[in-house]
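Asks: This note's numbering numbers the first residue of the sequence shown as 350 and each following residue consecutively.
For the record, the hints were derived by calculation from the structure and aren't laboratory data. Please note that the accuracy of each hint is not assured.
Label pairs and their calculated CB-CB ranges [what the hints assert, rightly or not]: (1) Asp464 - Leu428: 38 to 44 Å; (2) Val458 - Gln518: 21 to 27 Å; (3) Leu527 - Gln373: 27 to 33 Å; (4) Ile417 - Ala452: 17 to 23 Å; (5) Ala413 - Leu455: 38 to 44 Å; (6) Arg407 - Gln503: 34 to 40 Å; (7) Leu429 - Ala376: 22 to 28 Å; (8) Ala376 - Val458: 24 to 30 Å; (9) Ser405 - Leu448: 33 to 39 Å.
All residues carry an ideal CB built from backbone N, CA and C; glycine is no exception.
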Amino acid sequence: MAQGAATGGQAARPVSRNPFSVPQYRAWWLASVAAGSGVGIQAVTVPLFIRDRVDSERLPLAIAAALICQTLPGAAFALLGGVVADRVERRRVLVRTYLVAAAVSLVYVVLAGADVRWVWPVFILAAIVGSAGAFTNPARQAMMPQILDQEQIQNGAIFGTLAFMATLQFAGPAAGGLLA
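Hey, can you work out the whole structure from these sequences and the hints?
Replies: In structure tokens, the structure reads:
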């Protein structure tokens, strides 16, 4: 069958494989960059915040406790996060969880700026970030098929993963080191 036969005689328009041609993808990608940067910055600044407030004997335990406080809620709520991503508008989930993460970052800045000497708020904030991540990740991943054509999904996944990982593991920690 000829290419134009299925469309009533008109030739099918070629589909771009470039996901950045879709405005919603560009917004999703920028949000991924911002989220990865925030998590990367916190990966450096939170242990430094703890280091400045805990004696050297308890330092490893305090840093480990903060990491556990962030990881356990993420693991505990992972299945629920997937269910929510399937049943609630994903964009709404992302906006709310990114706002939670931004608010936590702001609280960290206030704590550091006020030179608060306690570390217990860090454990609560870490648990909040971990809980938000359990909802962010499934919604973020499930959103791509909603905003891209089938031909763009592979490139969109590659660019999205590269951006998130580069900011999470390189740019975010570097910025955190400069901010600390």
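Asks: Evaluate each hint against the coordinates.
Replies: Hints, verified against the model:
no.	hint	result
1	Asp464 - Leu428: 38 to 44 Å	holds (40 Å)
2	Val458 - Gln518: 21 to 27 Å	holds (22 Å)
3	Leu527 - Gln373: 27 to 33 Å	holds (32 Å)
4	Ile417 - Ala452: 17 to 23 Å	holds (22 Å)
5	Ala413 - Leu455: 38 to 44 Å	violated (25 Å)
6	Arg407 - Gln503: 34 to 40 Å	violated (48 Å)
7	Leu429 - Ala376: 22 to 28 Å	holds (26 Å)
8	Ala376 - Val458: 24 to 30 Å	holds (25 Å)
9	Ser405 - Leu448: 33 to 39 Å	holds (36 Å)
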